[in-house]
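Protein chains: 2
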Amino acid sequence: MNKNISKSVIKRLPRYYRFLCELEEQGCDRVSSGKLSEIMRTTASQVRQDLNHFGGFGHQGYGYSVPRLKDEIINILGLNNTHDAVLIGAGHIGTGIAAHMKFENMGFRIAGIFDSNDKIIGDTINSIPISDIKTINDFTVGRDIKAAFLCIPKDAAPEVVKNLYNLGIRSFWNFTHYDIHADYPDAIVENVHLSDMLMTLCYSMNEQED
Amino acid sequence: MNKNISKSVIKRLPRYYRFLCELEEQGCDRVSSGKLSEIMRTTASQVRQDLNHFGGFGHQGYGYSVPRLKDEIINILGLNNTHDAVLIGAGHIGTGIAAHMKFENMGFRIAGIFDSNDKIIGDTINSIPISDIKTINDFTVGRDIKAAFLCIPKDAAPEVVKNLYNLGIRSFWNFTHYDIHADYPDAIVENVHLSDMLMTLCYSMNEQED
Chain A
1 MNKNISKSVI KRLPRYYRFL CELEEQGCDR VSSGKLSEIM RTTASQVRQD LNHFGGFGHQ
61 GYGYSVPRLK DEIINILGLN NTHDAVLIGA GHIGTGIAAH MKFENMGFRI AGIFDSNDKI
121 IGDTINSIPI SDIKTINDFT VGRDIKAAFL CIPKDAAPEV VKNLYNLGIR SFWNFTHYDI
181 HADYPDAIVE NVHLSDMLMT LCYSMNEQED
Chain B
1 MNKNISKSVI KRLPRYYRFL CELEEQGCDR VSSGKLSEIM RTTASQVRQD LNHFGGFGHQ
61 GYGYSVPRLK DEIINILGLN NTHDAVLIGA GHIGTGIAAH MKFENMGFRI AGIFDSNDKI
121 IGDTINSIPI SDIKTINDFT VGRDIKAAFL CIPKDAAPEV VKNLYNLGIR SFWNFTHYDI
181 HADYPDAIVE NVHLSDMLMT LCYSMNEQED
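For the protein sequence lines, the chains are A and B, in the order given. Every letter in the first sequence is one number past the one before it in the working numbering, and letter 41, counting from 1, is 41. Every letter in the second sequence is one number past the one before it in the working numbering, and letter 53, counting from 1, is 53.
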């Protein structure tokens with residue numbers, strides 16, 4: 001993996017990747033830096049600079065090869081290196097994620113789904129059964145579970161995370177507001193703070209009204 | 001509203017706000033810049049600088065008043081200025097949001113929920129009925145609907161947004177990958193790109209493994 005790519009470029013890669021997938025779906029084999037910059041809402045020079053970081057497949061008058069660029073981003077982000085994950089909490093959000101997201105395209109596989117609600121234990125989401133959270137310790141034995149997706153109420157999070165951490169899980173996609181890093185500084189955490197986004201939207205709307 | 005607060009400070013305010021709400025719930029009346037910096041994972045000097053932007057309620061040896069600081073952030077973000085919104089798409093994600101988020105604390109009220117699926121039209125979420133998307137034009141007459149929360153498949157988004165835009169709705173909390181800004185440059189959009197976050201998590205995990 002190329003270690004010399006700056007964080008700011010890395011942050012833009014999922015977005016590039018999404019657009020390249022769309023271009024591919026539309027049957028586009030090549031794309032110009034101008035077109036990419038339009039989609040990315042940045043300048044063509046920024047795009048060229050970004051893409052030069054990892055190979056620079058662009059050719060004057062030809063543009064970039066969509067599949068090559070896509071493959072290169074897959075390599076850099078490591079999306080072809082599939083991590084097994086458990087989904088904790090099969091409420092609305094958890095179910096929505098498990099049912100609709102294409103994890104296999106994003107470096108993950110849901111190995112198991114867990115909940116504490118008797119009413120849904122035994123149900124399946126995309127053929128994956130919902131198991132009793134009490135059985136998770138046994139489940140992880142002999143499996144290489146690397147990550148957990150937390151779709152549970154905040155109050156339940158500290159105990160769940162403590163157990164997962166003790167089971168060796170260090171990476172979390174966290175939909176709760178529990179601050180995992182505060183208790184486990186070595187954890188890798190991607191927080192989804194929906195309320196923060198909503199407040200930002202509120203601010204932007206008020207700002208425009210002024 | 002204070003227009004002189006930089007965007008980078010504004011971006012941190014929802015986070016401050018969340019922590020202040022928690023402190024208040026715990027019965028905390030005052031907080032030091034040291035404690036706030038710990039929670040915010042920044043320096044005490046950064047916190048003092050941030051909070052000086054809007055009043056500077058801190059006193060040496062006393063700290064900040066939690067309720068005053070919270071009120072000030074509410075004012076800046078305009079969270080007490082409630083905007084009526086419609087939620088489009090009552091699938092798993094839409095239902096999860098409508099059922100669990102405290103919109104009234106974040107400047108919004110869900111005035112109506114709409115879907116195209118006959119099987120769920122007529123159901124309610126938090127006492128709000130799910131209405132047929134075909135009836136949305138009539139619904140908005142005489143109502144001041146400012147925002148739409150889009151929890152629909154990407155393919156359905158362009159037509160839905162076109163209609164909402166024609167109805168005068170300009171602000172969108174967008175869970176789809178449809179690029180609203182590309183078609184409506186004057187729209188206010190807050191995008192929730194869950195897949196981007198997941199890819200970022202994948203990258204961070206691979207980086208640590210290297």
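If you're looking for bench data, these hints aren't it; they were derived computationally from the structure. Where is the CB? At the ideal position from N, CA and C, for every residue including glycine. Accuracy of the hints is not assured; some may be wrong.
[To be verified] As a list, the in silico DSSO-like pairs of lysine-lysine whose alpha-carbon atoms are at most 30 angstroms apart:
(1) B:LYS119 to A:LYS119
(2) A:LYS7 to B:LYS102
(3) A:LYS70 to A:LYS7
(4) A:LYS134 to A:LYS7
(5) A:LYS102 to A:LYS134
(6) A:LYS7 to B:LYS119
(7) A:LYS102 to B:LYS35
[Claimed, not checked] Just the calculated beta-carbon pair ranges, DEER-fashion:
(8) A:GLN46 to B:SER6: 20 to 30 angstroms
(9) A:PRO67 to B:GLY27: 52 to 62 angstroms
(10) A:ARG143 to B:ASP144: 45 to 55 angstroms
(11) A:ARG109 to B:ASN166: 39 to 49 angstroms
(12) B:ARG48 to A:ASP144: 13 to 23 angstroms
(13) A:ASP123 to B:ARG48: 33 to 43 angstroms
Task: Agreement of LYS70 of chain A and LYS7 of chain A with the hint, judged by alpha carbon distance not exceeding 30 angstroms - done: 19 angstroms, holds
TODO: Starting from LYS102 of chain A, check that the Cα of LYS134 of chain A is at most 30 angstroms away, please.
DONE: 27 angstroms, holds
Open item on the list: The hint says 20 to 30 angstroms between GLN46 of chain A and SER6 of chain B; measuring C-beta to C-beta, is that right?
Closed with: Since the Cβ atoms of GLN46 of chain A and SER6 of chain B sit about 22 angstroms apart, the hinted range of 20 to 30 angstroms holds.
Open item on the list: Between the alpha carbons of LYS102 of chain A and LYS35 of chain B, is the straight-line distance 30 angstroms or under?
Closed with: The given pair, whose Cα atoms are some 40 angstroms apart, is violated under the 30 angstroms limit.
Task: 45 to 55 angstroms as the expected CB spacing between ASP144 of chain B and ARG143 of chain A, which holds or is violated - done: The hint (45 to 55 angstroms, Cβ to Cβ) holds, given that ARG143 of chain A and ASP144 of chain B are roughly 53 angstroms apart.
Open item on the list: A range of 52 to 62 angstroms was offered for this pair. Does it hold for the Cβ distance of PRO67 of chain A and GLY27 of chain B?
Closed with: 58 angstroms, holds
Task: Hint consistency between LYS134 of chain A and LYS7 of chain A [alpha-carbon to alpha-carbon, up to 30 angstroms] - done: This hinted pair is violated, its Cα atoms lying about 39 angstroms apart.
TODO: With a cut-off of 30 angstroms on the C-alpha distance, tell me whether LYS7 of chain A and LYS102 of chain B pass.
DONE: 33 angstroms, violated
Task: Straight-line alpha-carbon gap LYS7 of chain A to LYS119 of chain B, limit 30 angstroms - done: Since the Cα atoms of LYS7 of chain A and LYS119 of chain B sit roughly 46 angstroms apart, the hinted pair is violated (cutoff 30 angstroms).
Open item on the list: The hint says 39 to 49 angstroms between ARG109 of chain A and ASN166 of chain B; measuring C-beta to C-beta, is that right?
Closed with: 42 angstroms, holds
Open item on the list: Please check whether ARG48 of chain B and ASP144 of chain A have a Cβ separation lying inside 13 to 23 angstroms.
Closed with: The hint (13 to 23 angstroms, Cβ to Cβ) is violated, given that ARG48 of chain B and ASP144 of chain A are roughly 45 angstroms apart.
Task: Pairwise beta carbon distance, ASP123 of chain A to ARG48 of chain B, judged against the given window 33 to 43 angstroms - done: 51 angstroms, violated
Comparing the model with each earlier hint shows violations of hints 2, 4, 6, 7, 12, 13; every other hint is respected.
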